[in-house]
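Residue numbers (this note's numbering), protein chains in the order written: chain A, 1 to 341; chain B, 342 to 704; chain C, 705 to 1240.
Do not rely on the hints blindly, as some may be mistaken.
[Stated by the list, open to error] Chain A regions said to be covered by chain C (calculated; three or more residues, Cβ under 8 Å):
| id | region |
| --- | --- |
| 1 | 43-55 |
| 2 | 113-121 |
[Said to hold, decoys possible] Across the chosen pairs, the derived CB separations fall in these ranges:
| id | chain 1 | residue 1 | chain 2 | residue 2 | range |
| --- | --- | --- | --- | --- | --- |
| 3 | C | Leu751 | A | Gly327 | 55 to 61 Å |
| 4 | C | His856 | B | Gly477 | 26 to 32 Å |
| 5 | B | Asp505 | C | Asp1134 | 53 to 59 Å |
| 6 | C | Thr1146 | B | Val401 | 19 to 25 Å |
| 7 | C | Leu863 | B | Pro661 | 43 to 49 Å |
| 8 | C | Ala943 | A | Gly327 | 30 to 36 Å |
Everything labelled a hint here was simulated from the structure, so no lab data went into it.
Glycine included, every Cβ here is placed at the ideal spot set by N, Cα and C.
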Amino acid sequence: MRRHHALAAAAALLLAGCGSEGPRTVTLLTHDSFDVSEDVLAAFEDEHGLRVEVVPLGDAGAALNIVALTADDPGGDVLFGVDSTFLTRALAADVFLPHVAADLDAVDPAFLPPDDRVTPVDFGDVCVNYDVAWFAARDLAVPRTLTDLADPAYRGLLAVQNPATSSPGLAFLLGTIERLGEAAAFDLWADLRANDLLVTDGWTDAYYGAFTHAGGGDRPLVVSYASSPPAEVLFAEEPLDAAPTGVLLETCHRQIEYAGVLRGARDVEAARLLVDLLISPAFQADLPTSMFVFPVRTDVALPEVFAAHAVLPDRPVVMEPARVDAGREAWIARFDAVVLR
Amino acid sequence: MLRVEGLAAGYGTGPDVLAGVDLDVAAGEVVALLGPSGSGKSTLLRCVAGLQAPRRGRVVLGGADATDVPVERRGVGLVFQDHALLPHRDVAGNVGLGPRLHGLAPAEVAARVAAVLADVGLAHLADRPVDALSGGEQQRVALARALAVRPRLLLLDEPYGSLDRPLRERLLAELVPLVRASGAGAVLVTHDQDDALAVADRVAVLLGGRLRQLAAPEVCWTRPADADVARFLGVGALLPAEVRAGAATVGGDVRLPLPAAPDGPALVLLPAARVRLAGEADRAGDAVLPAVLVGSRFAGDHHVLTVAVADGVELRLRRPRPLDVAVGAPLGLRIDAADLVALPAPDAPMEDASARDAPAPTQ
Amino acid sequence: MRRGRTALAVGPLLFLAVLFVWPLGRVLALGLVGAEGGPLTPVAAVLTDPALRAAAWFTLWQAALSTLLTLAVGIPVAAVLSRLEFRGRRGVEAAVLVPFVLPTVVVGAAFVALLGALPGDVPRRGLVPIILAHAFFNVSVVVRTVGGLWQHLDPAPALAARGLGATPLRAFAVATLPRLRTAIAAAAVVVFLFTFTSFGVVLVLGGSGAATIEVEIHRAATRFLDLRTAAALSVVQLAAVAATLAVYGRLRRRGGTERLRRAAAARRPLRSTADRAAVAGALGLLAVLQGAPLAALVLRSLRVGDGWSLAHYRRLDAPTREAVLAVAPLEALANSVAIATAATAIALVLGLSAAVAAAGGARLARLADGALMLPLGTSAVTLGLGLLLTFRSGPLAGRGSVLLVPLAQALIATPFVVRTVLPVLRGIDDRLREAVATLGATPRRVRREVDLPIVSRAGLVAAGFAFAIAVGEFGATVFVARASNPTVPVAIERALGLPGAVNLGRALALSVLLAALTGLVVLLVDRVRVGAVGRF
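Please take these sequences and the hints and turn them into a complete structure.
So this is what it looks like as structure tokens:
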């Protein structure tokens, strides 16, 4: 008798888990770094009578792979966070439906992809950051280019992330190949290794662990984002006039993040509205301070802290998604062989 | 109460374990079904209980053919050696199970349980878990459980086999009045002659799947139906003999009077209980046999004398004290000619091959 | 009646076909069929890839070390528990069992908590933490397998050896060890198997360069979307597991003609200082290996900054964005309990049907019994991947989605149900049924009066274990659980992978709750067993 109660209770709980009361729910699958101001989402929900469920799926690569593995039943309506590194994989896995977002003409044409299944949302550069005070204190010239980093003067100063396990690590590796060519890039990596390079598993370990400025480590050079300096200002414990960290602009590699309506969406109509939200002025204006990336719209003003402290390379370097896709695995393996073994 | 006619049974596609058994048990009668292991005792019991379908023959219970009646409607009580009590029920729960299954109201069940437990002397243990009881108590509970359904027939399968001798004797002594009082017939399966002798109104000797003898204990032990029964019961010495005109010649030159026996080879049974030593209440007309004392052994409350009769056939005699002659001394054995039994010789056409694996006589 | 029983095997077999054979087939087909150069090319590629070969070596190596450490701790503990009688022995015996059923991710979290709290330059990730965590789990296997025999062994031969002047150690080597050898070998093989296919622990404690094949399968599938490599690795893993199981089968066939005694007869009270030292030593080993990580887990979950507080627990109800989960962690707990309850129900129905059918002995039924063991020997990650490919993509996508996680967990829990119930069912004396039949019970009523009460008690024990297994299941669940409906182990692993003290605190707090839940269930079940089922 008692067992019947237990079964009934379990069934009730299960049913409650998938109940369909209240407003229509539209589910946004994304990576763990996704963030947005509550009021932006609330306004959208009110306007369309929808509830937005945000489901983080891990880092950007994992998020896409889970969706690709479950393309027919991904458990969501929109995927946000496919970056240019993985764009071809997403297109090949055919996870998205074509969608031409409202306001697409307000997006910088430089970011428009060759395919109407994805919509660009934001971009950011992965660059070597440096600890301004550390270099000033030692009267050491800040390095400028990638090849400078192999100079014995900077021995033991650089921390990077393993491209096999870290998204910025992979972006940085791709940047070296795009800038120098594959052969020269891996020569550089061999030199960097000889110059006592530190490789961490993830960005956190490098930035908050090894970096002299943020982590109390002994590495004044670290692979991070071009938006890290304004973030340092925004989150400083005491107000700052100048950013405590700087960016080596000639080491940057640009990543563009895309979103799309999932082919396995349950509510395609709501999914289209949600993608449109992602390039709406409100969401775009919120991007810099919520996720520390830059909006793709040209008509959105940057917040003051970004305008003052963010720098962007004049001539950004972006590896073609097709080239990324062709070389990614082999390059990660080669990195492993050249740097880690 | 029970009549079994031509019952044959076996397992799977194997040979018959029971080969045509006839048996009857009257109300209030206790029949001991005696036989060595493998003789088919339990199979017979299972067929009677309805736990096994016979290949041939009939089981008649209370005058009606019960051969095809399912076990639960035969109204027999079954007690196993290992009690087979339900471990998750207490004493009263076990005993009350049958009455409940028969649809008695709770109050009636309780009354029946109380009565039966009182009968077996366990009223004070009604709410004990069964595995907190001793072996003897558990067996009493099993008996009470069987009696609680007021069976027409009680089947007891070596019920006290796992208990020590004194306890076993006490329980057997209690059993008979309970059976008599219940009015049920009872079949007690055992391989132990003492058990059979303790309780049986009649003894059924089952050897090799056949019922060889069904008779009162005195009859079985003094006039066994055949040599196998005699050996199994260990009744006495079997002497190969040649019968001619009412007399048997054993050991070459000893002649024993056997007026009723047909001519030809035979086995002459000397029932040990009837054999006297020369000098022990000799009577005129006794048959006399020469023998040799080959051993003497102290066995607690008596002595066992082993004597070799004709052709080295040995006979064990119980005497209160040892003889004052040495081993190897010649002895005279005397027996009333009427107590001699002529049995067919093994070479004679005995319709049964099972004699081959009949066990050695037990003492 | 017999035909009806055999029919009961159909359900479990069908379940297995749909949820095991087919998904596994999909993994293998996807990875191997149609590969250039024949189906074995991907396997060959895996075996020649330096990184994957390194992973295979690491898998073997850490499993061997873990097994050795587990034996080194387990055998002395088994000796003390099976030879000496002391106050609290039963409690220690029960407590040793608990770690085995703790979810792998919780154990990972416990060692993260312990090693993170130790001062100095201790290894916090990699080989050493992994083998410690493996020993933490598997000591109970050794204590159960070896101690289970040891406590019944006649101590006379060892005492005789002592009487002839042998030292205790020598007496053990000469008189006791040879009789325990098979049990020790069997325990070693089981531990090796468990640690060889370890996933949750290695994922949490591994770090770079310390990945088992199981972790590489997960990584190949989810990080590189390289199903061919994942499938090829699964093949390698299956082959290794099959070989290990073959060894185990041989050992089991060779085992036990040892004359056994009642356990109590072999135990003696503490007599000498040496006895007391032995007990203290064994308890000390357990305290260090099993007590310390759990204590560290609990203590650090209460540690906030420099003080003590329940803040991490209160934060389990936090807004979801902050938790980097689609739901609040507490909701994940409710979710887990509901899913595990459903999985338990499914596993019970399937396991009981299979056990009842197998007890009937028909060939189909025995097949079901054997077949239900297969998921145990298959890596959970491979199972999860197969289920994902079968039910979350392709024509079956979306069907029975809600039940996919409970079904996956049931797949893993069902063998335990069968193993718990079947011996009990087989052990019911037919005479019990016959006696009740003669009392007037129809066959159906006989089952209600005899089989049901006995089996339901075993079923209760089985349900407890099934629940503990389901609620802590990680390898398969991590694939099939929707991110919008995470289970607690999935949430813990996610939180452990995120930076920041808040996430660590949250992971530890969740781990404590999950550990308490599983521990409680298992201790309750252990009571039931001691109370009743154990006597059958």
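Here's how the hints hold up against the structure:
no.: 1; hint: 43-55; verdict: holds (count 3)
no.: 2; hint: 113-121; verdict: violated (count 0)
no.: 3; hint: C:Leu751 <-> A:Gly327: 55 to 61 Å; verdict: 24 Å, violated
no.: 4; hint: C:His856 <-> B:Gly477: 26 to 32 Å; verdict: 28 Å, holds
no.: 5; hint: B:Asp505 <-> C:Asp1134: 53 to 59 Å; verdict: 27 Å, violated
no.: 6; hint: C:Thr1146 <-> B:Val401: 19 to 25 Å; verdict: 23 Å, holds
no.: 7; hint: C:Leu863 <-> B:Pro661: 43 to 49 Å; verdict: 47 Å, holds
no.: 8; hint: C:Ala943 <-> A:Gly327: 30 to 36 Å; verdict: 32 Å, holds
Checked against the numbered hints listed earlier, the structure breaks hints 2, 3 and 5; every other hint is satisfied.
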